[in-house]
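**Q** Produce the entire structure from the sequences given, and follow the hints as far as they go.
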Amino acid sequence: MEERKFVVIGQEFPRVDARVKATGEGRFVSDIQLPGMLYGKVLRSPYPHAKILNIDISEAERLPGVKTVATAKDSSRKKFCLFPHLANNLILQDERVRYVGDQVAAVAAVDEDIAEEALGLIKVDYEELPAVFDPEEAMKPGAPKIHREENNVAVHILRNFGDVERGFSESDVIVEGKFKSPAVAHCCMEPRGCVASFDYYGKLTVWSTTQTPHVLRQELATILEIPFNKVRVMRAHVGGGFGARMGIDPIDAIASILSMKSRKPVRVVNTREEEFISSRIRYPMAIELKSGAKKNGKLVVREAKVITDNGAYNNQASTITGNACSKLSQLYAVPNIKFEGFVVYTNNVYGGAFRGYGNPQITLAIETQMDELAERLGMDPAEIRLINANQPNTLTASGCEITSCGLSECIHEVVDHSGWKTKKGKMGKGRGIGMAVMIHGGSGVKAYWGDNCNFSSAIVKMNNDGTADLFSGSGEIGQGSDTVLAQIAAEELGVLFEDINIVSGDTDITPACCGAWGSRQTFTAGNAVKYAAADAKRQLLQVAANLLEARIEDLEAKNRKIYVKGSPERAVSIVQAASTSYTHLGTPIIGKGINDDPWSYMPDPKTGYGNVTSAYAFAAQVAEVEVDTETGLVKVIKLTCAHDLGRTINPLLARGQVVGGVLSTGLGYALTENLIRENGKVLNRNFLDYKILTALDVCDVECIFVESNDPNGPFGAKGVGEPAMIPSAVAISNAIYDAIGVRVSELPITPEKILKALREKKG
Amino acid sequence: MKHQIRLNVNGADYDLLVEPRKTLLDVIRNDLGLIGTKKGCNTGECGACTVIMDGKAVNACLVLAVQVKEKKIMTIEGLAESEKLHPLQEAFIHHGAIQCGYCTPGMIMSAKALLDKKPNPEEGEIKEAIAGNLCRCTGYLSIIEAIKSAAKTERSV
Chain A
6 MEERKFVVIG
16 QEFPRVDARV
26 KATGEGRFVS
36 DIQLPGMLYG
46 KVLRSPYPHA
56 KILNIDISEA
66 ERLPGVKTVA
76 TAKDSSRKKF
86 CLFPHLANNL
96 ILQDERVRYV
106 GDQVAAVAAV
116 DEDIAEEALG
126 LIKVDYEELP
136 AVFDPEEAMK
146 PGAPKIHREE
156 NNVAVHILRN
166 FGDVERGFSE
176 SDVIVEGKFK
186 SPAVAHCCME
196 PRGCVASFDY
206 YGKLTVWSTT
216 QTPHVLRQEL
226 ATILEIPFNK
236 VRVMRAHVGG
246 GFGARMGIDP
256 IDAIASILSM
266 KSRKPVRVVN
276 TREEEFISSR
286 IRYPMAIELK
296 SGAKKNGKLV
306 VREAKVITDN
316 GAYNNQASTI
326 TGNACSKLSQ
336 LYAVPNIKFE
346 GFVVYTNNVY
356 GGAFRGYGNP
366 QITLAIETQM
376 DELAERLGMD
386 PAEIRLINAN
396 QPNTLTASGC
406 EITSCGLSEC
416 IHEVVDHSGW
426 KTKKGKMGKG
436 RGIGMAVMIH
446 GGSGVKAYWG
456 DNCNFSSAIV
466 KMNNDGTADL
476 FSGSGEIGQG
486 SDTVLAQIAA
496 EELGVLFEDI
506 NIVSGDTDIT
516 PACCGAWGSR
526 QTFTAGNAVK
536 YAAADAKRQL
546 LQVAANLLEA
556 RIEDLEAKNR
566 KIYVKGSPER
576 AVSIVQAAST
586 SYTHLGTPII
596 GKGINDDPWS
606 YMPDPKTGYG
616 NVTSAYAFAA
626 QVAEVEVDTE
636 TGLVKVIKLT
646 CAHDLGRTIN
656 PLLARGQVVG
666 GVLSTGLGYA
676 LTENLIRENG
686 KVLNRNFLDY
696 KILTALDVCD
706 VECIFVESND
716 PNGPFGAKGV
726 GEPAMIPSAV
736 AISNAIYDAI
746 GVRVSELPIT
756 PEKILKALRE
766 KKG
Chain B
160 MKHQIRLNVN
170 GADYDLLVEP
180 RKTLLDVIRN
190 DLGLIGTKKG
200 CNTGECGACT
210 VIMDGKAVNA
220 CLVLAVQVKE
230 KKIMTIEGLA
240 ESEKLHPLQE
250 AFIHHGAIQC
260 GYCTPGMIMS
270 AKALLDKKPN
280 PEEGEIKEAI
290 AGNLCRCTGY
300 LSIIEAIKSA
310 AKTERSV
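Protein chains in written order, with the numbering used here: chain A, 6 to 768; chain B, 160 to 316.
Some hints here could point you the wrong way.
Listed below are the simulated SDA-like cross-link pairs for lysine to any residue, each with C-alpha atoms no more than 25 angstroms apart in a straight line [as the list claims (entries may be wrong)]: (1) B:K243 - A:F502; (2) B:K286 - B:T202; (3) B:K181 - A:G125.
The following residues of chain A were derived to be distant from chain B, with all beta-carbon distances above 10 angstroms [stated by the list, open to error]: (4) G455; (5) S572; (6) Y587; (7) E765.
Please keep in mind that the hints were generated in silico from the structure rather than gathered at the bench.
Every value quoted in this text rests on a predicted model; they were computed, and no experiment measured them.
Yeah, the Cβ is synthetic: ideal placement off N, Cα and C, and Gly gets one too.
**A** Take a look at the structure:
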């Protein structure tokens, strides 16, 4: 990897869309208003499990202002899932509903109130069926059967690396525990929405709050049985994603069906209540973990059993549970691993990707036990982590090929910056400090439908004034990918940041990309953009070589100039080269790039062995807390976070990812967030009762970047989006233990649970 | 039955016929086309629809349009003077206080109502002022810094 002085990389450019967002000019999906547009609403099941005997839509259809009513009869009834072999969900249910909020019918009307009124006129005869909400209950014989599987186990995962029995017999110290992670709502500030417009070209144009525009196009085309080129997913600002908007939501297809039926544009936007009852959630997991180590602190063995609440339909629980498994051997060098995972249907809403993808759940268990092992061995928690931390260029027990790795450096950084050595165990009554570390894919993952599930492509088109248009199929959802990708293009092309106009997400004009998930946009889309810019640059250099009568390999492009290396006075401007290309090159300068992620591959389907990720991101975080032992209230004072992101493309945006990840999703995950459900009904279905944190609840965050310079990352960079929140909750939990000597192993760590743990400790 | 009302929004008068149950938020967005004011919950819990009404930050989803007679409303669109952005907008841009941007207009309006009353707020007062504006992206720290910085700029003008 070349070490060179960057012009654009490393600069704190504000987001490219910051001005339109600051002035209110930015158009989000729910702002889109088309001539003649109708408003759609979805009729959802009030029962957690029931047969649909009959749906009578006649009265609803007669209501003035109603333009169309759709049921399963109007859809292809093609079952969908990101993993086609697991598909068992329908856009509109035809025979059975399986959770409260399941979609049964939909209406399009001239205004929202009429659509709402029409929902009340649809008569559905249900026959209620017994339901089950706890996955462990659902696995028992005689439990209500939700799909065809007798024990409701949708997916069973078994992984074995090394020899676990020998591992435990060789261990000097063994710790065991049970951990629980709740259902957590994404709470994107913009509710999920879709505007669909089907016209007489036979073309469906869709604006959706999606983080994966090209995947959405593929799924819509498949479900609606039309070719890809008859579906256009358009670009709009997206008010947050965090994983919830990976892949299709039923309302994307519902809006499309309503538009196809009515031949009018239709907008469907969830209410906040619908967001809480029917949107994706973080999969709840119950984890049993047992770890063994030698006297010197070296980890020998880990055995885990995970039960994941799949909810009513298959979505991503199989890979999320698999991802939890992979952390057992990735984070630390552990030679012997056994993992058993059960993905179990219940009559709860089905989950989806959520920042961390199963990793925050398992990291809670892993990092709690690292502290417990340290305590048993009389070691400093930082020391035991350093002893076991994976190092660069390591092949793990499960086949992961770790290339760049700044884990040890991250630990050293947080130790230094947090004052760890003077504070650990010495902070006095009610105060404590705790640490946790993590590994996560920083480049997406190959674990979905096949080897082509983690690619990205881009096009760079030179304009004759020396500016360039960059087309990327990526998904900008607020994380900042448009800005980072524009920086990568500018650096590679040798122009300035403001010379790049990025167009992302519009599937008619951008080349395909798998979108925003897996912290992959910087690395995976970034590489595609870099290759496309390099291709355009080669063409520019060819023109310049003729003009300068120099050899192309002697030329360099930087700061809008192309010059002969070593003699910068022999130069032409990029404007000159670009404009000359139009008359002299005989072809427009269009650079193309594709990154199909050649460094990773699908794991062996039987054993799970394989390098599913090209670049791994690492982090260490230290939390400082104060616990009121009278009320049980935990106050987090400070979080010190060191993140190995390979190379910081834009420190302003990278800090935004870390601080935002830690405080917005991490702190709430640790302390307050939990969808409370009773018989399948979400009780806290608004922001008063479901507690995401406010400005009054946040704490100081110190953010340190470790640049490990990944050999395959664009300019050495890898992802940072998800890693930010992964270790926060367990760092806080470990700090609470340091403060008051009790552990709460079931998130969120509420005052009630703290007080209960304190009472139990007293005996 | 629809009511005839006159709304003063961003310095301009609008004569409108509105149903009595329509909220100020719906009228601003749908009748006036001022889409900068966002709908996040429609129940007064998220603050995305915050506008300034006679100097006070209010959730436009909790105000009926017919209640707003004789009052002056300012929305996010009323802040910038053509090309020149308001110091709060500039500060939000440069402090990385915007990510997805859905909470941004409401957040800026809450901050403006604060600074109009209190040009030199303490950090605690800033937090209080935006406590009703939820953000799921930033963790608020960059927003708090942006407001501090804008307050400084405004005082120096």
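**Q** Evaluate each hint against the coordinates.
**A** A quick look at each hint next to the structure:
1. B:K243 - A:F502: OK: B:K243 and A:F502 at ~22 angstroms, within 25 angstroms.
2. B:K286 - B:T202: holds, 21 angstroms
3. B:K181 - A:G125: Roughly 21 angstroms between the alpha carbons, so the hint for B:K181 and A:G125 holds.
4. G455: holds, 31 angstroms
5. S572: Given a closest Cβ separation of 38 angstroms, the condition holds.
6. Y587: Since the minimum Cβ distance to chain B is about 32 angstroms, A:Y587 lies beyond 10 angstroms and the statement holds.
7. E765: holds, 33 angstroms
Checked against the numbered hints given earlier, this structure breaks none of them.
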